[in-house]
Amino acid sequence: MTAPMAETDHDMKRRLPTDWKSNAMQKRISARYASERRFRLIGLAAIAMSAGFLAFLLISMLSSGLGGFTRTEIAVKFDFPKAAIMVDPAMLHGVNADQALSNANLPAATAQAAIDTLGKGGDELLSPSAWVEVRDIIKDDPAILGRSEILSLPASADIDLAAKGNAPAAAEQAYARLDEAGLVSRSFNGGFLTSSDATDPSQVGIWGALKGSLLTMAVTLLLSFPIGVLAALYLEEYAPRNRWTDMIEVSINNLAAVPSIIFGLLGLAIFLNLLHLPRSAALVGGMTLALMTMPVIVIAGRNAIKAVPPSIRDAALGIGASPVQVVFHHVLPLALPGIMTGTIIGMARALGETAPLLMIGMRAFIASPPDGITAPATVLPVQIFLWSDEVSKGFVEKTSAAIIVLLMFLLGMNSIAIYLRNKFEKRW
Amino acid sequence: MSGVAIVTIIIGLGVIAWLSARAKAARLGAASPRRSGDGAPPRSLLHSRPGYHGWYAALWVALPALAFLSIWANIMPGLVTERVLESPAAASLPEDGFARGAILGEARNLAKNPGAIAFDQRSQALVEPYREAHRFYSIGGALAAVMLALAGAAFAFTRIRPDFRARTRVERIVMMTLLCASLIAIITTVGIVASLLWESLRFFSMVNPLDFLFGTKWSPQSAALGYGNDDAFGAIPLFWGTIFIGAIIAMAVAIPLGLMSAVYLTQYAKPAARAWLKPILEVLAGVPTVVYGYFAALTIAPNMRDFAAWVGISGASSESALAAGLVMGVMIIPFVSSMADDSIASVPQSMRDGSLAMGATTSETIRQVLIPAALPGVVGGVLLAVSRAIGETMIVVMAAGLAANMTLNPFASVTTVTTQIVQLLTGDQEFDSAKTLAAFALGLVLFIVTLLLNIVALQVVKRYREAYE
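For the protein sequence lines, the chains are Z and P, in the order given.
Quick note: the first sequence, position 322, residue 322 per the working numbering, numbers continuous.
Quick note: the second sequence, position 175, residue 175 per the working numbering, numbers continuous.
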């Protein structure tokens, strides 16, 4: 460092060379290095905080939600011959079984069995849907009507909460008594995946909302994928540069940035109030989300089409293909993996979308899965929103459990997108 | 005849037309070989390959018939009603248009579902004429559609000749379809603007726009209860709440964290670490907003309230602006980070090298060279992030309150534009009240503001990109 300085004697007289070994200089350098380390640490801390927040969110959802997949059961001694079940065992084989059992006074018989086993108030320890369980057991094995059996029936929401350690004092005591008697057990709550919304947290399930989500996504995909791909092809391959295509381009870019709730207002004003399509239906939800997803697909599609090298087009044109043949026989198949990746990402976004669907009335209480795209339906994120509003404490773990299911779906879709990208991505 | 059946028949005719036209064209092609030059193999005289002739015929069969059916489905109810009114059973109908409409509607319902219950005996008498008219027009429509399809087929078949340019015709239709698909984007934009403007104009005919934009009292409930529209729709508290949560608190979280994450990822992290950390940040953007909202309401908000109570801040609410803003900020981090990442990466390497060669440390280079050079891009990214934050709905619906306060206390409850839109439009309501129309006026303001933010942001980014190219 000092060598160039020494060359000019003249300079040395006026300005002394920097003495890098001096105390002041050493201090300055170490201060600069310390600041460098601090800055680097702040950067690392920023990343760590973001990742930490994500981890905190996921862990808190998992810890409060996993309980939603299990349920507490109470062993109840069911003395079938003595119970007041009015059913003829002969009726239980064949098509009339459901009819016969629904008239068999099972709810009262179940409550009586609970009182006999658990003492006074025992019927309130069981879930209001416990008799459904009894019905299914009888249907599977009508011979059970002739003997006495100990059945594990779902406990009420309060007892369930007590078993998971977060309940009012009365329920805690009742649970402690049951636990001492060795009557309670935990098992997988299959009903959570197969039933629909209900008023009692011990009976709710997500199948209705999940089916609504699947129907809505199907409508969204069927509308937005073809339209998005065709629009992307037109804009990228054929569109002349003029004011019209500029307008199309500007509106697509703007639509991608419009807040989702505005699409909900559009759906409400046009699809519901102007066209009188059915309210709360998967059809309208799907159409609204399709308008939202289409710009995403167009933008991803254009990037994928742009990535196909011009030599492919030139070669096809050179052997006599028409412009339409060039695009549909060569460019589109090569761009398809990229388009699919963009589509899956857009669909994942639509699957998690809530606000526009609230606008078109998909927030009603719907206790049975939708039959078709025009039947009233709800979707998974809206179901989460509805449950989060419930006062009853039992809904907390159900909400988190539904969130876990939603996140699983999103994780799956994004993994497929990443897999497609890695597998088919070509560097030309 | 049901709609599905007739559409199936027409599609079936289309398939038949496709197969037979293709076969005919192939035969013509085989029958007219031509010797082209000496020794060259015989070539077909066909201009277009047989498949294109098939498509040409199929399109002529299906398109006119399906277009006719879709028009017919719209005008048929009117024709049916007219015919029912001409029937002798309709002579006893009341003159009053409203009562008449009610009875006709009931008769229509009865004719469609035989199990339905009639409230008015007069409608019972109209069921038979109604069914008869319906049958008449639907069979008529179906026959006309099939005739149209056959006529299309006949026309297409007469045009199959070796020199007929079927491919050109078919490709013209393909191009039209492509153009229509891209026009959907314009139609959607126009639909958004028109529906928002239309409903907002109806709202502004009830409420003075100046009172709406500059009023400071928001209580749509009192307007709905009949206390009048004056002083009930002042949106300033909403605008303040939106800015407070979306543009101040959320950005106070997202800008430092996002920017520093981007700096660390681009300048310090080793490639292997970057390959892991970047997707983790992106996961934050992929979590649905309803999950963030639930998390904010269930976990963050109570802790914030307890913290405020512990510190001794008065007015702490369990629906604090801070909880919603913090979580929204976290949601925005990946957005800010990826925009900053792009603009830092596009600063020319020579500037960075020059600074390092002068003896500056990496952090000095970043702070004094890279960030100033990347600033326009970063600012553009922040503007886009703000536009996203103020349009975000679920987090504020679930975690922010409904009280329209104008406060600087982050622990107090404020409400936002999107929260109020959801609040006004859900639940029982008649559609024409000022209360529901106010939601569209709020939506219009939101749309305009986010649009302007996006345009400005893109301009800033574009101008800056050009500076280094």
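Honestly, the hints are just simulated from the structure, not real lab data.
The structure presented is a predicted model; accordingly, all values stated were derived computationally and were not measured.
No residue lacks a Cβ here, since even glycine has one placed at the ideal position from N, Cα and C.
Treat each hint with caution, since some may be false.
[As the list claims (entries may be wrong)] Simulated restraints on C-beta separations: (1) Z:ALA31 / P:ASN303: 49 to 57 Å; (2) Z:ALA367 / P:ASN74: 32 to 40 Å; (3) P:ASN74 / Z:ALA218: 20 to 28 Å; (4) Z:ARG279 / P:THR177: 27 to 35 Å; (5) Z:SER415 / P:LEU213: 44 to 52 Å; (6) P:ASP306 / Z:ALA31: 34 to 42 Å; (7) Z:ALA218 / P:PRO302: 52 to 60 Å; (8) Z:ASP141 / P:ASP306: 19 to 27 Å; (9) P:LEU213 / Z:ALA170: 26 to 34 Å; (10) P:ILE9 / Z:ASN242: 36 to 44 Å; (11) P:LEU375 / Z:ALA218: 39 to 47 Å; (12) Z:PHE188 / P:LEU375: 33 to 41 Å; (13) P:ILE173 / Z:GLN99: 51 to 59 Å.
**OP:** Determine whether the Cβ-Cβ distance between LEU375 of chain P and ALA218 of chain Z falls within the hinted range of 39 to 47 Å.
**Re:** holds, 46 Å
**OP:** With 20 to 28 Å as the target window, see if ASN74 of chain P and ALA218 of chain Z comply at their CB atoms.
**Re:** Check passed, 26 Å falls within 20 to 28 Å.
Original post:
Using the C-beta atoms of ARG279 of chain Z and THR177 of chain P, is the stated range 27 to 35 Å upheld?
Top reply: About 31 Å separates the Cβ atoms of ARG279 of chain Z and THR177 of chain P, which means 27 to 35 Å holds.
Original post:
Quick one: are ALA218 of chain Z and PRO302 of chain P within 52 to 60 Å, going by C-beta?
Top reply: At 39 Å between Cβs, range violated.
Original post:
So the hint says 19 to 27 Å: do the beta-carbon atoms of ASP141 of chain Z and ASP306 of chain P match that?
Top reply: About 53 Å separates the Cβ atoms of ASP141 of chain Z and ASP306 of chain P, which means 19 to 27 Å is violated.
**OP:** Starting from the hint 33 to 41 Å, judge whether the C-beta atoms of PHE188 of chain Z and LEU375 of chain P obey it.
**Re:** Since the Cβ atoms of PHE188 of chain Z and LEU375 of chain P sit about 56 Å apart, the hinted range of 33 to 41 Å is violated.
Subject >> 26 to 34 Å as the expected CB spacing between ALA170 of chain Z and LEU213 of chain P, which holds or is violated >> reply: At 54 Å between Cβs, range violated.
**OP:** Note whether the CB distance of SER415 of chain Z and LEU213 of chain P lies within 44 to 52 Å or breaks it.
**Re:** Taking Cβ atoms as reference, SER415 of chain Z and LEU213 of chain P lie about 47 Å apart, which means the hint holds.
Subject >> Assessment of proposed distance window 34 to 42 Å (beta carbons of ASP306 of chain P, ALA31 of chain Z) >> reply: Check passed, 41 Å falls within 34 to 42 Å.
**OP:** For ILE9 of chain P and ASN242 of chain Z, compare the CB-CB distance with the range 36 to 44 Å and indicate the outcome.
**Re:** holds, 42 Å
Subject >> CB-CB spacing for GLN99 of chain Z and ILE173 of chain P relative to the 51 to 59 Å hint >> reply: Holds, since ILE173 of chain P and GLN99 of chain Z (Cβ atoms, about 56 Å apart) stay within the stated range.
Original post:
Is 49 to 57 Å a correct range for the gap between the Cβ atoms of ALA31 of chain Z and ASN303 of chain P?
Top reply: Given range 49 to 57 Å: violated, Cβ gap about 38 Å.
Of the numbered hints stated above, those contradicted by the structure are hints 1, 7, 8, 9 and 12, listed in ascending order.
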